[in-house]
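Trainee: Read off the chains here:
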Amino acid sequence: MIKLIEKIEGEAKLNFSFKDNKIDDVNVDFMSTRHIEDILKGKSPLDALVINPRVCGICGHAHLIATVRALEDCYDAIEISNKAKIIRELTLNFELIQNHFKWFYLTIFPLFGLKQNVMKAVTPSQLMAKAIALFGGQYPHTSYAIVGGVVCEITEMDIIKLQHYIDETIKFFENNVLDVDIQMFQNCDNVTKVMSQRGDLVEILKLIEINGWLDYGKSYDRFIVFGESSYFTKGKSIKTRVTNNLFLEDIKESEATTSFAKSVHYHGKYYEVGPLSRAMVKKTALIKDAHRKYADSIFTRILARVCEISQLLLHTELLIKELDISEPSYIKPKSDISSLNASGFSAVEAARGTLIHKVIIENSVIKSYEIITPTQWNLCGGVKDSKGVSQKAMIGLENIEIAELVFKSFDVCSVCTTH
Amino acid sequence: MKRKVRILWLGLMTCNGNAHSFLNYPYLEQFFSDFEFIYHPIIDSDYTLEDIISKEIFCDILLLEGAIGDDFIKADIPAVEIIKKYSNIATKIVTVGTCATFGGIFRESNYQNISGLHFKANERIYKFNDFFEKTISISGCPIHPETLVNTLYAIKKGIELNLDIYLRPKEYFAYTVHNGCTRNEYFEYKVDNHHFGELEGCMFYDHGCQGPFTHGSCNKILWNEINSKTRTGLPCLGCTEPSFPKQDLFNTKKNMGIPEYLPIGVPKRVYLTLAGITKAFTIDRLQKKLFND
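As you go down the protein sequences, you meet chains Z and L in turn. According to this note's numbering, the first sequence holds residues 1 to 419 in order. According to this note's numbering, the second sequence holds residues 1 to 293 in order.
Accuracy of the hints is not assured; some may be wrong.
SDA-like cross-link-like pairs, simulated, lysine to any residue; straight-line CA separation at most 20 angstroms [to be verified]:
id	chain 1	residue 1	chain 2	residue 2
1	Z	Lys115	L	Asp46
2	Z	Lys41	L	Glu108
3	Z	Lys19	Z	Glu398
4	Z	Lys408	L	Pro169
5	L	Lys289	L	Thr182
If you are wondering where the hints come from, they were derived from the structure by calculation, not from laboratory data.
Modelling step: build the complete structure from the supplied sequences, incorporating the hints.
Mentor: Structure (structure tokens):
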């Protein structure tokens with residue numbers, strides 16, 4: 001039975017086969033691609049800063065940051081001011097936050113029989129878009145992070161404005177998502193305490209409980225995080241055992257036979273990426289508690305994503321305090337990037353998980369460009385005896401509606417997947 | 001009560017950036033009391049994409065987002081067929097974004113005959129000629145939400161919009177991105193020592209800014225209500241134009257030291273004369289940092 005999954009930044013087709021009234025297998029098919037990697041070939045390296053945000057309308061900023069870091073990695077040494085690094089991290093965090101709000105109110109709400117709440121989605125996401133635009137000039141699709149730093153200069157007045165956007169977003173979170181002081185939520189290490197509160201998050205989590213869905217959505221219980229920041233830690237977690245030594249070169253991408261999306265594995269194994277993975281590797285107390293009780297189910301996955309909103313909002317306030325606006329925003333690289341014959345890698349934590357860019361520059365132009373997106377990790381189909389992460393999470397479920405919920409709990413992005 | 005205007009938002013070869021930019025419109029609650037989407041790539045609708053494709057659902061306005069290729073398939077159907085079906089049904093068509101208008105970034109993708117609805121870059125194409133008269137183009141990568149929403153209201157009110165040769169409303173596209181840029185004085189007096197990361201300086205002379213020859217209201221109607229690319233220090237990338245994306249976007253192409261592309265309507269001789277005069281003066285205030293001294 002084939003189900004067209006819509007409104008996931010495009011579409012995907014799930015082809016289910018049933019056995020004994022349970023899903024026995026499911027094939028995930030992303031149906032079109034736009035060949036971004038080919039478009040980049042032969043272009044001036046800096047043009048990738050303009051083209052790559054257009055991979056995706058909802059997480060294009062992560063593609064910008066991944067691009068600038070991959071290009072900077074082509075240098076043996078390049079100086080980037082701490083100020084520029086902090087500004088880049090701030091705007092990337094703002095994008096994650098706007099994404100998570102949109103996913104929660106636009107995608108998750110209707111799956112639980114609640115009306116999609118456009119206004120609750122856009123009120124905080126517009127504030128976060130303003131926060132990005134304050135530095136980047138606009139959102140979506142700015143190219144403000146360039147090789148050597150960022151193009152903007154900021155003033156104390158800008159910081160005051162920024163603080164207002166963040167404070168308003170925190171108020172929104174406390175008034176709608178979870179009716180407690182955000183700092184208390186940050187320190188909470190017990191799911192039961194969260195469940196005794198009020199708010200849209202609790203409403204969703206209770207519905208999972210009431211509907212008897214606590215077991216749904218479990219996959220390999222393997223998580224991986226390659227992107228590092230002042231908040232996220234690199235590492236992998238297998239059945240709660242965390243190790244931090246990871247090597248980008250051990251990531252392999254393989255062509256799928258039916259879908260335009262290529263599958264991705266690390267040392268031959270599939271891993272989940274995204275907020276749940278980040279929380280498991282970082283050992284966030286509340287998510288660890290949920291994981292102890294409900295493993296890698298939709299309960300834990302949804303909680304982890306929403307929890308990341310408040311974590312990032314609070315962390316952002318710390319980052320702003322570290323900003324020294326007297327530092328330069330941009331330091332001109334000693335040599336022009338077009339003069340290099342080199343390759344560069346980057347790994348960035350985007351809203352949906354680890355995003356990897358690889359670039360090779362030769363004779364002043366981009367010789368090749370490779371992008372591995374988070375949704376490829378989570379949603380690409382595996383081969384017959386080794387299922388992909390989302391496939392494994394859907395096998396054994398009773399019906400397609402639940403399977404769609406499990407599928408979308410990973411926060412699917414079709415345009416990113418097939419780029 | 002009068003019925004709401006029914007809109008079909010159809011995503012083609014796209015990144016969905018226009019759909020997300022639309023979500024940044026500040027008065028969406030009011031918008032939704034006047035308009036409804038029979039389908040939208042993000043917002044819930046009464047019909048599914050499968051309904052849209054398998055049936056003929058009535059709509060007043062067709063919004064197209066993304067480039068069009070002859071062999072581009074949308075949910076198992078050639079996108080061209082879906083476009084034709086709903087172009088016949090709708091009273092007005094709006095191409096939303098530079099891809100749907102001119103082909104944009106994805107003009108270089110590997111499909112056959114990739115273009116916008118009526119233009120392949122600046123070349124007029126006739127594949128959908130029957131619908132030319134009912135089309136309005138809102139270019140931009142992405143569209144500015146206010147430009148799109150106000151155009152939809154103009155359609156609702158039956159206003160005959162004054163359009164340019166690419167069917168773009170002149171109200172928004174007769175201006176250049178240069179108009180209203182906070183760095184204008186550095187342009188006017190040819191202060192050509194711009195460095196990235198500074199409040200001062202103009203990106204036109206060295207860093208590829210296309211503001212003076214790009215049509216758009218970016219510095220008149222600010223982005224996210226607060227800023228613009230050029231104000232923050234990022235060159236205008238010309239994203240509303242048929243030529244988007246040009247090559248080598250962070251460099252100003254020059255011949256004998258003169259920028260290859262000059263402000264719209266300014267002959268080279270006029271430009272050179274003015275440049276010669278302004279270069280003869282040093283304006284101290286514009287050589288210094290804005291806030292220090």
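Trainee: Confirm or reject each hint.
Mentor: Hints, one by one, checked against the model:
The straight-line distance between the Cα atoms of lysine 115 of chain Z and aspartate 46 of chain L is roughly 12 angstroms, inside the 20 angstroms bound, and the hint therefore holds. Distance restraint check for lysine 41 of chain Z and glutamate 108 of chain L: the Cα-Cα separation of roughly 11 angstroms lies within the 20 angstroms cut-off, and the hinted pair is therefore satisfied. Taken as a hint, the lysine 19 of chain Z and glutamate 398 of chain Z pair is honoured in the structure, with Cα atoms around 10 angstroms apart against an allowance of 20 angstroms. A distance of roughly 39 angstroms separates the Cα atoms of lysine 408 of chain Z and proline 169 of chain L; the hinted pair therefore is violated under the 20 angstroms criterion.
The suggested pairing of lysine 289 of chain L with threonine 182 of chain L holds, with an alpha-carbon distance near 14 angstroms, which does not exceed 20 angstroms.
In summary, the one numbered hint that this structure violates is 4.
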